[in-house]
Amino acid sequence: MKQLRWEEKLSDFKQALDRLEEGLKEESINPLMIDGVIQRFEFNYELAWKVMKFFLEYQGIEGAKSPRTTFREAFSFGLIENGDDWIDMLKDRNLTSHTYDEERAKRIYDKIKQKHFDNLKSVYEKLKDEEVE
5 MKQLRWEEKL
15 SDFKQALDRL
25 EEGLKEESIN
35 PLMIDGVIQR
45 FEFNYELAWK
55 VMKFFLEYQG
65 IEGAKSPRTT
75 FREAFSFGLI
85 ENGDDWIDML
95 KDRNLTSHTY
105 DEERAKRIYD
115 KIKQKHFDNL
125 KSVYEKLKDE
135 EVE
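The numbering of the sequence shown is our numbering, which starts it at 5 and goes up by one.
Hints in this document: simulated from the structure, not taken from any laboratory.
Incorrect hints may have been included.
For lysine to aspartate or glutamate, the following DMTMM-like pairs were computed, each having C-alpha atoms within a straight-line distance of at most 20 angstroms [stated by the list, open to error]:
hint, residue 1, residue 2
1, 6, 66
2, 117, 46
3, 95, 105
4, 117, 135
5, 119, 107
6, 29, 135
7, 115, 31
8, 6, 85
9, 117, 85
10, 29, 46
11, 18, 122
12, 119, 85
13, 125, 92
Work the whole structure out from these sequences, hints included.
What follows is the structure, encoded as structure tokens:
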């Protein structure tokens, strides 16, 4: 049963990553495109930390209760390489969901393109070969 849930979670994460990548490849950068990429980023962020939390709990690590503690545990476990990048991603996620400022949106879009997407994809690549029984 856990294996099936695991496969579903990974599949959802992969599909969301593909959609985010699709948005990042768009040539025409305009406010609507930026908003769409940010929304896809928010969804990926949520999936990423919840998938990591599920995996860590399966490994017997019970300290992963929030995004911040999940990132700390994932770093210790070796799922993520740069904990500071994930804390930065957490901050950007919080900024995008509570306020809207066009300049801030453009800065966060650039960060998604330059590093957040790579970090999301990297954790997916590490998790996709793991089994949860």
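Okay, the hints, checked on the actual structure:
Distance hint between residue 6 and residue 66 is fulfilled; the C-alpha atoms sit about 17 angstroms from each other, no more than 20 angstroms. Annotation: proposed proximity of residue 117 to residue 46 holds, straight-line Cα distance about 13 angstroms (limit 20 angstroms). Straight-line distance between C-alpha atoms of residue 95 and residue 105 comes to about 15 angstroms, which keeps the hinted pair within the 20 angstroms bound. A distance of roughly 30 angstroms separates the Cα atoms of residue 117 and residue 135; the hinted pair therefore is violated under the 20 angstroms criterion.
Between the alpha carbons of residue 119 and residue 107 the distance comes to roughly 18 angstroms, so the proposed pair stays at or under 20 angstroms and holds. A hinted pair counts as satisfied when its Cα atoms are at most 20 angstroms apart, and residue 29 with residue 135 does not qualify at roughly 31 angstroms. Between residue 115 and residue 31, the direct Cα distance comes to roughly 17 angstroms. Compliance with the 20 angstroms bound is thereby established for this hinted pair. Between residue 6 and residue 85 the CA atoms are separated by roughly 26 angstroms; this puts the pair beyond 20 angstroms, and the hint is violated.
Taken as a hint, the residue 117 and residue 85 pair is honoured in the structure, with Cα atoms around 18 angstroms apart against an allowance of 20 angstroms. The hinted pair formed by residue 29 and residue 46 meets the criterion: a straight-line CA distance of about 17 angstroms does not exceed 20 angstroms. Straight-line distance between C-alpha atoms of residue 18 and residue 122 comes to about 13 angstroms, which keeps the hinted pair within the 20 angstroms bound. The suggested pairing of residue 119 with residue 85 holds, with an alpha-carbon distance near 12 angstroms, which does not exceed 20 angstroms.
The straight-line distance between the Cα atoms of residue 125 and residue 92 is roughly 16 angstroms, inside the 20 angstroms bound, and the hint therefore holds.
In this structure, the earlier hints numbered 4, 6 and 8 are contradicted, and the remaining ones agree with it.
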